[in-house]
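Asks: Dock chain B against chain A, hints included.
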Amino acid sequence: MRRWLFALVFCSVAACSDSTPPATPADSSVADRDVVDTGVGDVTPLDVAPTDVATPDGATPDAATDDATVSDAAGDVATTDVPADGGRRVACIDQPTELLRPPAGVLPCELVPPGL
Amino acid sequence: MFASVADAHVSIVSGSAVANTTQVVTFGVGHGCSGADTYSVQIEIPSTVTSIRPMASDFGRAAVQTNAAGAVTSVTWQKSDADALPGDTGYYELRVRLRPPNAPFTTVYFRAHQTCRSATGALTTVDWVGLPTDTAPDGGTAPEPAAALNLVPARLPGWNQYTVTSAIANLATFFSDALIVWRSTAAYSVNPNTRTLITSTPGVTALTALSPSDSIWVRY
Numbered sequence: 005m006r007r008w009l010f011a012l013v014f015c016s017v018a019a020c021s022d023s024t025p026p027a028t029p030a031d032s033s034v035a036d037r038d039v040v041d042t043g044v045g046d047v048t049p050l051d052v053a054p055t056d057v058a059t060p061d062g063a064t065p066d067a068a069t070d071d072a073t074v075s076d077a078a079g080d081v082a083t084t085d086v087p088a089d090g091g092r093r094v095a096c097i098d099q100p101t102e103l104l105r106p107p108a109g110v111l112p113c114e115l116v117p118p119g120l
Numbered sequence: 005m006f007a008s009v010a011d012a013h014v015s016i017v018s019g020s021a022v023a024n025t026t027q028v029v030t031f032g033v034g035h036g037c038s039g040a041d042t043y044s045v046q047i048e049i050p051s052t053v054t055s056i057r058p059m060a061s062d063f064g065r066a067a068v069q070t071n072a073a074g075a076v077t078s079v080t081w082q083k084s085d086a087d088a089l090p091g092d093t094g095y096y097e098l099r100v101r102l103r104p105p106n107a108p109f110t111t112v113y114f115r116a117h118q119t120c121r122s123a124t125g126a127l128t129t130v131d132w133v134g135l136p137t138d139t140a141p142d143g144g145t146a147p148e149p150a151a152a153l154n155l156v157p158a159r160l161p162g163w164n165q166y167t168v169t170s171a172i173a174n175l176a177t178f179f180s181d182a183l184i185v186w187r188s189t190a191a192y193s194v195n196p197n198t199r200t201l202i203t204s205t206p207g208v209t210a211l212t213a214l215s216p217s218d219s220i221w222v223r224y
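For the record, the sequence lines run as chains A and B.
Residues in the first sequence are numbered consecutively from 5, following our numbering.
Residues in the second sequence are numbered consecutively from 5, following our numbering.
By construction, these hints were calculated from the structure, which means they are not laboratory data.
Among the clues, some could well be false.
[To be verified] Ranges of calculated distance between the beta carbons of each label pair, as one might list FRET restraints:
1) T101/A x A173/B: 27 to 35 Å
2) G74/B x P107/A: 25 to 33 Å
3) R105/A x A158/B: 48 to 56 Å
4) R65/B x R105/A: 48 to 56 Å
5) I97/A x A158/B: 40 to 48 Å
6) I97/A x S170/B: 28 to 36 Å
[Said to hold, decoys possible] So, partial list: chain B residues that the calculated Cβ filter (under 8 Å) puts toward chain A:
7) Y96
8) L127
9) V130
10) L183
11) W186
12) T189
13) A191
14) T198
15) L201
16) T205
17) V208
18) S217
19) W221
20) R223
None of the values given here were measured: they were computed from a predicted structure.
We put the CB at the ideal spot given by N, CA and C, even for glycine.
Here chain A stands alone, though its shape is the one from the complex (with noise of 0.2 Å):
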């Protein structure tokens, strides 16, 4: 039972401090699909770049763990490190490793007829 809370406690802070995406547009509030405003039928997805939330290192957010330790030894202990300038850096922003790039060829919302 503590070792589920400790898990609990761990991932709660995990996901705090490195899950949100850095340059998520302001008003997008289904940000997580990746679509292009065909104008015509469904959403489609384009993504052509999985690696865009990829830390420098290669981890992904929710594997990231620079700004919380844990001492498993003690099994339910949770700490959470002060980063050395004392937390007054500001918001940590995308590092990405390799442009984006747009999709290429024909879109696939081109090969939709209009009207539907």
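Replies: Chain B in isolation, oriented as in the chain A frame:
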């Protein structure tokens, strides 16, 4: 270009607006006039902006002025005397539901007239009517800037392709919330880390401005 006033004035604080879409736009009134509280604000509505419906505010209900055709030409909010503050201590927001023109990647300017009321009841008016093309007259100062509403096209998360219809000198004006913008092999991003990557990637150049008819890909 504009007079060097405090960065808080009658300005749009709700960010960019989607072209040709009905939405609420918020005007912020950052300060009064020389220590006097803001008493009323009149905002002129450009003829290209339609579907005007102002919301009530700290100033109470708004009044609309129309032309002979019935189109709203301005909106005015005015406090009751009892609500006037003795000093310039308040910040106000005024909201209007409106529909901007179908002209993405352009800017619509709203001229505003701010009237303040001192503790003794004296009224003064400041006109926020300057446009980027205005220049200061000889020996004078340029008018205070009008509120600027930047229009962006409709978008969905992911890749969006657009054709630009007018020149864009400052890409941050319209793409500050984009992950990256591509025109052919040139790219732009507001993210400094991505900008560094752009300049260090072989075959990729930095995109600094756009011209009419440019086709671009934008990732939101």
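Asks: Decide, hint by hint, whether the structure agrees.
Replies: Taking the hints in turn, this is what the structure says about them:
no., hint, verdict
1, T101/A x A173/B: 27 to 35 Å, "holds, 31 Å"
2, G74/B x P107/A: 25 to 33 Å, "violated, 46 Å"
3, R105/A x A158/B: 48 to 56 Å, "violated, 23 Å"
4, R65/B x R105/A: 48 to 56 Å, "holds, 52 Å"
5, I97/A x A158/B: 40 to 48 Å, "violated, 26 Å"
6, I97/A x S170/B: 28 to 36 Å, "holds, 30 Å"
7, Y96, "violated, 22 Å"
8, L127, "violated, 38 Å"
9, V130, "violated, 30 Å"
10, L183, "holds, 5 Å"
11, W186, "holds, 5 Å"
12, T189, "violated, 10 Å"
13, A191, "holds, 6 Å"
14, T198, "holds, 6 Å"
15, L201, "holds, 6 Å"
16, T205, "holds, 6 Å"
17, V208, "holds, 7 Å"
18, S217, "violated, 18 Å"
19, W221, "holds, 3 Å"
20, R223, "holds, 5 Å"
Checked against the numbered hints listed earlier, the structure breaks hints 2, 3, 5, 7, 8, 9, 12 and 18; every other hint is satisfied.
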